[in-house]
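Kindly produce the complete structure, drawing on both the sequences and the hints.
The working numbering puts the first residue of the sequence shown at 1, with every later residue one more than the last.
Everything labelled a hint here was simulated from the structure, so no lab data went into it. Among these hints, one or two may not hold up.
Across the chosen pairs, the derived CB separations fall in these ranges [as the list claims (entries may be wrong)]:
| hint | residue 1 | residue 2 | range |
| --- | --- | --- | --- |
| 1 | Ala126 | Gln166 | 33 to 43 Å |
| 2 | Ala139 | Glu165 | 15 to 25 Å |
| 3 | Gln138 | Gln10 | 35 to 45 Å |
| 4 | Lys36 | Gly144 | 12 to 22 Å |
What you are looking at is a predicted structure, and each value in this text was computed from that prediction instead of being measured. Idealized CB from N, CA, C, for every residue including glycine.
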Amino acid sequence: MAHIHTMPGQHDTTVTLYIVRHFGKEWKALLHMHRKLQRLLPVGGHVELHETPWQAAVHELREEAGYEMGDLQILQPKVRMKSLSGIALHPAPVQSNTHDITDNHFHTDLTYALIASSEPTITIAANESHDARWLSRQAIEQLGANEIYQNSRETYLFVLDTLLEQWEAVPTTTFAGTT
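So, in structure tokens, the structure goes:
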């Protein structure tokens, strides 16, 4: 989707989804070649005006990765609020950050880490990148600066090195807005 806010100094809210999967004895991370930027990126996109960030995650996973929420688990802190009366509780993001897109436009991004246990179950949208790759930790480390943004590399390495061990995997269907 195009930028929602187009006036100078405005922010779009985005979601980024770092998906990992166990292959034999090692974990691998899903990256796709972004058609416009020509770099390997995790799945993600804009939160549309009618969506919560978690609903945006649902549609981006379908469109860009071919996964339904029921196919995945999400990594969550072991100590967290698991319910809240009268409120639709969403998963805790790995991080929240704001970054420049241009000198006068910004994205505020909510980043999530997910675990896949199988291949995608639905067809990736026709207008999305079909160059998806499962890369090992070593392969991610070896990507050049012209192939991956350093912040994406750092986040994937954090997921692989820290979160898989210290956070717990929770069914994505635990959270409101999954369908």
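To see whether the hints hold, each was checked on the structure:
1. Ala126 to Gln166: 33 to 43 Å: 39 Å, holds
2. Ala139 to Glu165: 15 to 25 Å: Check passed, 20 Å falls within 15 to 25 Å.
3. Gln138 to Gln10: 35 to 45 Å: 39 Å, holds
4. Lys36 to Gly144: 12 to 22 Å: 19 Å, holds
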